[in-house]
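**Student:** Chain residues, written in single-letter form:
4 protein chains.
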Amino acid sequence: MKKVLIAGVTGAMGQKAVSLVNSMDNFEVSAGLAPHLTAENKMDYQLGPAVKTYQHLDEIENGIADIWIDFTLPNAVYSDVKFAIDHGMKPIVGTTGLTDDQQAELVQLSREKHVGGLIAPNFGMSAVLLMKFAQEAAKYFPDVEIIEMHHGDKKDAPSGTALSTAKMIDQVRKPHETNPEETESLAGARGGDYHGIKIHAVRLPGYIAHEQVLFGGDGEALTIRQDSFDRQSFMNGVKVALKKVDQLSELVIGLENIL
Amino acid sequence: MKKVLIAGVTGAMGQKAVSLVNSMDNFEVSAGLAPHLTAENKMDYQLGPAVKTYQHLDEIENGIADIWIDFTLPNAVYSDVKFAIDHGMKPIVGTTGLTDDQQAELVQLSREKHVGGLIAPNFGMSAVLLMKFAQEAAKYFPDVEIIEMHHGDKKDAPSGTALSTAKMIDQVRKPHETNPEETESLAGARGGDYHGIKIHAVRLPGYIAHEQVLFGGDGEALTIRQDSFDRQSFMNGVKVALKKVDQLSELVIGLENIL
Amino acid sequence: MKKVLIAGVTGAMGQKAVSLVNSMDNFEVSAGLAPHLTAENKMDYQLGPAVKTYQHLDEIENGIADIWIDFTLPNAVYSDVKFAIDHGMKPIVGTTGLTDDQQAELVQLSREKHVGGLIAPNFGMSAVLLMKFAQEAAKYFPDVEIIEMHHGDKKDAPSGTALSTAKMIDQVRKPHETNPEETESLAGARGGDYHGIKIHAVRLPGYIAHEQVLFGGDGEALTIRQDSFDRQSFMNGVKVALKKVDQLSELVIGLENIL
Amino acid sequence: MKKVLIAGVTGAMGQKAVSLVNSMDNFEVSAGLAPHLTAENKMDYQLGPAVKTYQHLDEIENGIADIWIDFTLPNAVYSDVKFAIDHGMKPIVGTTGLTDDQQAELVQLSREKHVGGLIAPNFGMSAVLLMKFAQEAAKYFPDVEIIEMHHGDKKDAPSGTALSTAKMIDQVRKPHETNPEETESLAGARGGDYHGIKIHAVRLPGYIAHEQVLFGGDGEALTIRQDSFDRQSFMNGVKVALKKVDQLSELVIGLENIL
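Chains as they are written, first to last, in my numbering: chain S, 5 to 263; chain G, 5 to 263; chain D, 5 to 263; chain A, 5 to 263.
Bound conformation, chain S alone (with noise of 0.2 Å):
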């Protein structure tokens, strides 16, 4: 039986993450940290009666967990990770926040503590396939477009997966140009220019969060699409981590290079 300690307990990914876990075989929650959480009020939280409960890091025991879930504040995502590593906890962290300097640092502390674990900005499965499906078709149809899709009060354009995807496709594909004698009767309806790669951003209320990527070939076409209806989506992605962290060997970034 794995046990798990999940900071940010109290908030409503950390509450999804309970019920995830225990919904598992072989994975039992262990302990709780969040800064109103008490022995008292814990079974308002999904906490059984033999869950540690802490408020601070300093009060954590030696031992009472494997794994660190973690789904906290930019704030604190830092220090909890590196009190994981440090003592054996193997951390699985969708909490953002951390700077790229922090993420370096931390992925060292692994290496020399032998400590597995992920960092993961998006733990939707669906957007993590897609990106990564849409990496390897980019070797073979090099012509690509993206659109998102999100819910009208979303501000920046594009989405920050929408870039990440096309960020991965530019990595492998080979140097490509767009028609030079393109004109545009309404500037910007070409969309957003990523090295070449279109990105195309709607917004209308009632989509939530949605990606396509669009592939085009001689006469033939390959689309990817993902939907996120709900942010219980990402517990698909933590799951995934669960089952896979004990085989990481030290701290890896990014869903998709775990899969």
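Wrong hints could be hidden among the right ones.
[Stated by the list, open to error] Here are the in silico distance ranges between beta carbons for each label pair:
1. D:T187 <-> A:R115: 36 to 42 Å
2. S:G52 <-> A:R115: 56 to 62 Å
3. A:E188 <-> G:A108: 54 to 60 Å
4. S:K159 <-> A:T182: 40 to 46 Å
5. S:L113 <-> A:S253: 40 to 46 Å
6. D:E188 <-> A:P39: 54 to 60 Å
7. G:S23 <-> S:E181: 36 to 42 Å
8. A:N79 <-> S:S189: 21 to 27 Å
9. S:D174 <-> G:D157: 53 to 59 Å
Rather than coming from a laboratory, the hints here were simulated on the basis of the structure.
Nothing here was measured: the structure is a model prediction, and the numbers come from that model.
For glycine and all other residues, C-beta sits at the position ideal for the given N, C-alpha and C.
Use these hints to put chains G, D and A onto chain S, whose structure you have.
**Tutor:** Positioned in the frame of chain S, the structure of chains G, D and A alone reads:
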């Protein structure tokens, strides 16, 4: 039996029109018009022994046809349609190139002569129905974006059909504001803007001519999509026009206006 | 200012209806009806000080409302709507469970009393527009198939909306024959058959409620798709009904019939 | 410069292969084989002065080609491929009709002779990538259904590609149960069933050859779609095979196995 003269009968679209009329009950090709068409080569163009052949307007005999199908060239279409109306033949016109003034004049002439007919920039039924439905849906869903997808060789963006769709939507849509806080980290990501309606143009090899209109509302979405795989699709609209032209009392612009 | 009574006000749909009416100019909630609703707990249901509360039909005062919104239960809806019509309140009914005989009787009553209103099995605008457009497109594209996609827990197939769509298409479609030489190497691959219209039902977790109608013709295709992400979408249709109910002179069945 | 013999060079696919090879650097057509091909008519088939022409296998000279592209007929393919391997030419075979026993025998022969090559029932890159990605995704999303869409004249359902996709998914998918309480009010609505994987076949005029694989998980969906608009698409796969065949040490079955 309705008699049909086909102008531009030796061209690709003219030939499709011959096949169409030959396949319909109650219609027959009575005459063909084309610069190099002769009694000797007419059988190369699916024209039977009884079909009259003309190279110039002034050769055409009175009463030779009830209906005039026109798939010619921009420089011929005005004289053709005028000739048809003057001689009581109902024009069904797929040739582009008429100016707004010429169209208005021909409509006026058709009223005076009591001759019905149809000028349609697009005879593809799926494109025409898409525009019609999009206009109707926009009354209930003011939040709408357009994505059109064409082969990589298409130079201009957005497509004429996408722009026509936006214009039709704009006629009925309530005043509408896009999210004022919206920002683009890649210029053009949010597409071209026609009176607040975003239009996105995708250009990829393999693709032919496709358009989607996406509507979003609280908790739901409606999408209308049309695919033109082949110009053969234009004959679907010509067929509808042939059946309806007798009910028209003047020259109508746009297939959607006779549906 | 139009006054609205909401029957079933404490339920999930009733509560959405309160939010809707509160957000609209020229409409106000004047009364709520629900078995456990009291003057004391009404503020828990977004009902202000001036809103009347009723637990039973016989408590309802004359003149308390112009419009009656009903999201109750199958066993209550008949008495509710009869009561509303008898007392001159225009019913807008989303509750299911009326028999065909009961519907016919209520329509007859509405004519006698000159009270307009609407009973709609589906208030989702995207679903209703899809059905309306599908019926219209089928006049020009007799070749049509339906694919509906729902969450994995849905037990019956095809969905009621898909079947309704097929029925509406069947009313207008010309007699039509499927390919008589067609064979299935896996039974059911060609879907269910409603009067020659094939219906395919997909059941997958993650999906919510989605329907596509696919039309094909020579060289082209037309697809109409709707996605219901959330029951909130029903309020889009209720809003349309609230604005149009004054123009109705009798009880109408189906939101599509007032668009 | 790699020399290529094209068997079936006068057929539609053979001719596309000529165009492809002519367009590639480092490859040239050195010979053509076809029953009625002669030195006199070879220019009608895009074959230049230096290209050898053969009507029968026994005329073919040693060393005339490094690679043998085969788009012939079911009754010719076995002898063709055997001949190619025996004479040290690497076969790239798009002709169907080999029995399982013949395939196994040819693979065995290729090992003995140390001749690499490829036999592919489908050279469409989009179809092959769809199958490959679908198999990979099924490891993470065991809930999956397939929809294939073809022109109305296709007699059998489901398509061979859809069935192949299901078989590839079935190889990796964990044991999986469909909802046992599921019922069909129209028989066939839930599609054909291949080991618990539902397959739906749409047949409509206008459509060409399209396939979608739909995956669903908690709160998310992943869809992979391919469209074959034209058999020209097969040349995308032949091109990949031409570039990779030198790295193969035996005859491989299936384009996906060399990607």
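**Student:** Against each hint, give a clear statement of whether it holds in the structure.
**Tutor:** Hint check:
1. Hint check: T187 (chain D) to R115 (chain A), Cβ distance near 39 Å, so the stated range 36 to 42 Å holds.
2. The hinted window of 56 to 62 Å between G52 (chain S) and R115 (chain A) holds, with their beta carbons roughly 60 Å apart.
3. For E188 (chain A) and A108 (chain G), the hinted distance range of 54 to 60 Å is satisfied, since their beta carbons lie about 58 Å from each other.
4. For the pair K159 (chain S) and T182 (chain A), the supplied restraint of 40 to 46 Å holds, since their beta-carbon distance comes to about 42 Å.
5. Under the hint 40 to 46 Å, the C-beta atoms of L113 (chain S) and S253 (chain A), about 44 Å apart, fit the expected range.
6. For E188 (chain D) and P39 (chain A), the hinted distance range of 54 to 60 Å is not satisfied, since their beta carbons lie about 37 Å from each other.
7. Checked against the hint of 36 to 42 Å, the pair S23 (chain G) and E181 (chain S) passes, with Cβ atoms roughly 40 Å apart.
8. In this structure the hint that N79 (chain A) and S189 (chain S) lie 21 to 27 Å apart at CB is violated, the actual value being about 55 Å.
9. D174 (chain S) and D157 (chain G) have their C-beta atoms about 24 Å apart, which leaves the hinted 53 to 59 Å range violated.
In summary, the structure is inconsistent with hints 6, 8 and 9 from the numbered list given earlier, while agreeing with the others.
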